[in-house]
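Colleague: Protein sequence lines correspond, in order, to chains H and G.
Counted the way my numbering counts, the first sequence spans residues -12 to 456.
Counted the way my numbering counts, the second sequence spans residues -12 to 456.
No lab work stands behind these hints: they were computed from the structure.
One or more hints might be untrue.
One copy or two, either will do: identical chains are not told apart, so a pair holds if it fits within one copy or between any two.
[As the list claims (entries may be wrong)] Think about it this way: if two alpha-carbon atoms lie no more than 25 Å apart in a straight line, the pair counts; the simulated DMTMM-like pairs of lysine to aspartate or glutamate are: (1) 333 x 69; (2) 226 x 37; (3) 226 x 42; (4) 39 x 199; (5) 431 x 199; (6) 265 x 78; (7) 431 x 157; (8) 226 x 32; (9) 136 x 430; (10) 431 x 200.
There are 2 protein chains.
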Amino acid sequence: MKKLLLAIITIATISSCQCNKPSKNTIQSSNTHLQDSTVIRGFFDTALSDGKGYEWLRDLTQNIGHRLSGSPQAEQAVRWGEQVMKSQEFDSVWLQPIMVPHWVRGTKETAYFVDKNTKTNVAICALGGSVATSTKGVTAEVIELNSIKQVAEYGEKLKGKIVFFNRPFDPTLINTFHAYGGCVDQRWAGAHAVGTYGALGVIVRSMTGSIDDFPHTGSMGYQKLPLEQRVPAAAISTKASNALSAALKRNPSLKFHFQQSCKTLPDAPSFNVIGELKGSEFPDKYITVGGHLDSWDLGDGAHDDGTGVVQSLEVLRIFKANNIKPRHSIRAVLFMNEENGNRGGKRYAAAAKENNEIHVAALESDAGGHTPRGFSYDGNVDKIALFKSWKKLLSPYGLHEWEKGHAGVDIGPLKSDSIVLTGYIPDSQRYFDYHHSANDTFDKVNERELQLGTASMTSLIYLLDQHLD
Amino acid sequence: MKKLLLAIITIATISSCQCNKPSKNTIQSSNTHLQDSTVIRGFFDTALSDGKGYEWLRDLTQNIGHRLSGSPQAEQAVRWGEQVMKSQEFDSVWLQPIMVPHWVRGTKETAYFVDKNTKTNVAICALGGSVATSTKGVTAEVIELNSIKQVAEYGEKLKGKIVFFNRPFDPTLINTFHAYGGCVDQRWAGAHAVGTYGALGVIVRSMTGSIDDFPHTGSMGYQKLPLEQRVPAAAISTKASNALSAALKRNPSLKFHFQQSCKTLPDAPSFNVIGELKGSEFPDKYITVGGHLDSWDLGDGAHDDGTGVVQSLEVLRIFKANNIKPRHSIRAVLFMNEENGNRGGKRYAAAAKENNEIHVAALESDAGGHTPRGFSYDGNVDKIALFKSWKKLLSPYGLHEWEKGHAGVDIGPLKSDSIVLTGYIPDSQRYFDYHHSANDTFDKVNERELQLGTASMTSLIYLLDQHLD
């Protein structure tokens, strides 16, 4: 017991030294870094002890909810974002008009399969962009495939069948985004691939490594297929996928049925929401930080991408709260339509070009609100060494992974030889448990994890602002 | 849309290269490391694609539940651990007898405060080791303090009062264990400190940074106070703490009431549960990996420390599944009584001494089952450089923090000049949301996060076995 007490007192003593609280003393390489580390410590203090992002996220997700492009909720979210920016007294706040795809799910989908006389209900959702089935639904035998490549091998055998793409996440990949990348072609391109062979429909295993009963939606594309070759496409849960695959092994001629009434309406008007702090030294050069305001129409779009939205708003608020006047003009951009068209990202980049705006850097948060791991880098190769030199400033806060890689869909159209593009990397382990499903809800977000990400992003924007011209 | 497709295909292509799957090619510094990295990759593959720990944890937490030392559930957990070890055909499995403290909570505690005519109910739980109130409870005015130091300043003013220790977690500390260390003296030593001044009871703010209505228990000690100076001590939720503190500002003479019937029974017989794989080269030298089987009696002890228990069991199973014959004898030890006495840890070390066993290393997992961050090191200083050299082998799996620090309560008594002691460090952000409360339940554990920790621990035990004599 005494040793236990000693251990407790030791821990208490260690803590009273605040040895885990990175301070200006932890970084000693130069005066600049000394100053940078002090500013960064201030950002973390503000984000962790006086954060606003979590309550903003509660408001966005619980009072508005999901917000697919073209929906009334997406419109409400635009007004919400504008109002938050104005309440925080950013120097300028405006809406950038765009036209967005307007796909609607219609009535809730149904599906089942019948193996001999046993009917098994299946958790299903239409893929975004899919056509409907007839009002009676589609009923057919099933061909299970594990890759798009197999489509050509099967060829005419697919005629009159429902094609079931069932390649699972590879659980041995450490970063779950890479497991996603290894499967998502089935969702995106499955219906296009089978179209010319006379299949009647496509069902795809949900894009998650979790074995549960949530179907995960996401976008798909028919590309230039003629209308008569466009077959309905849907995702089924991983549990249902396993059950169907097992049943097909017992009875390859079982029948699967699904019904959906989704459709694509004419493009609808919408907006990117933009707030700016004016630069003191380079007011005509811009650094953008953003996430996307739209979400899929299941769950409430908390991790995808409510967290990126509130973190981006927080970056500008925390600059102000810490009396940091940026050298460049810093913009928080709440992009519309990342999920099914990227019209917001494209319009923002096109407008920048039209207006001869010089964008020196852009940061996107669209990988969930989990505990920080690092930042990805995709842009001007001359700046990589500078970017990597900041690692030591943020490693005391748990950011160790500074990697070359994809920075973000929304900021992608800004890419040029001169811009620095970077993406916030949170821990990826839980993200695809939620992504694009009814399971992506506010209660899955931890306030501290969210706000550590906020402070990390604020710090990187500060470093970009300080060290780029 | 085309660019989106391109991005998706790019991600898919990257993934098909498995660039995120660390392989033997990622480590090229030496042949030894080449071999180590291949073995480690195999451990991660097994843990992530064929893990057993999560289902073991479900069984332990949902079919047995919480398991405080001396309770029937603790006894069941001993039999459960023995049975799992035998089912995995470890070379030897045995129980090591100990006597443990046997404290029981009794009927559910109640508490409220009355501010003028308004009664506010308070979420409360007795601290482990506390005495009961009288059957009528304690009712008294409250003195709110923020530190043990203040006790002497207040002195006789505490007579007849309930002392309320309300120093909160410091949210700006990045590692939440350090915020815990900065507060836990209030819980451990509060009742001892006030005992000589005639206070009637102690209530303490729960040890968490989360603002919610879960009271968090934990051990406290009266040390050598005479029986008549031992006052009842309890934790109240952080929400209740904030409400009480606010009410005291309005009305310093409000009355607080609480009632609890906990008591300490005579010590009870129990066991450490030990399983061993015999060493091929040094069968008489030991490496221990462990967690603690006991838990507090709220929730089901999932993160504290069911996860450490199943991870330790998994280490030996994964060695066998990968046909790795250890050079040293490797033991999984499920320690009893970490929470309120550390009798298991002390007995294990004493028995090792009595039997002249040479322990070359010990690893403990008792910080939750969250995503991996690294390992702490506390032991033979000559080996620190070797220990740190392994960082590059595990950084591809997200382990970047290799730090000097506390390794674990259970393995602490093994400390000597020659042993390497190390502690598994998972991400700390969510841990104290659950710790010692009814909120520490199986559903808070993510399977991938748990199993990444399992594989990390298996890898470190392998490296210790390979590179120590």
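Colleague: Would you mind marking each hint as holding or not holding in the structure?
Modeller: Against the structure, the hints come out as follows:
no., hint, result
1, 333 x 69, "within (20 Å within a copy, 61 Å between copies)"
2, 226 x 37, "between (42 Å within a copy, 17 Å between copies)"
3, 226 x 42, "between (34 Å within a copy, 17 Å between copies)"
4, 39 x 199, "between (33 Å within a copy, 18 Å between copies)"
5, 431 x 199, "both (16 Å within a copy, 16 Å between copies)"
6, 265 x 78, "within (6 Å within a copy, 70 Å between copies)"
7, 431 x 157, "both (23 Å within a copy, 23 Å between copies)"
8, 226 x 32, "between (43 Å within a copy, 22 Å between copies)"
9, 136 x 430, "neither (39 Å within a copy, 39 Å between copies)"
10, 431 x 200, "both (17 Å within a copy, 18 Å between copies)"
Comparing the model with each earlier hint shows a violation of hint 9 alone; every other hint is respected.
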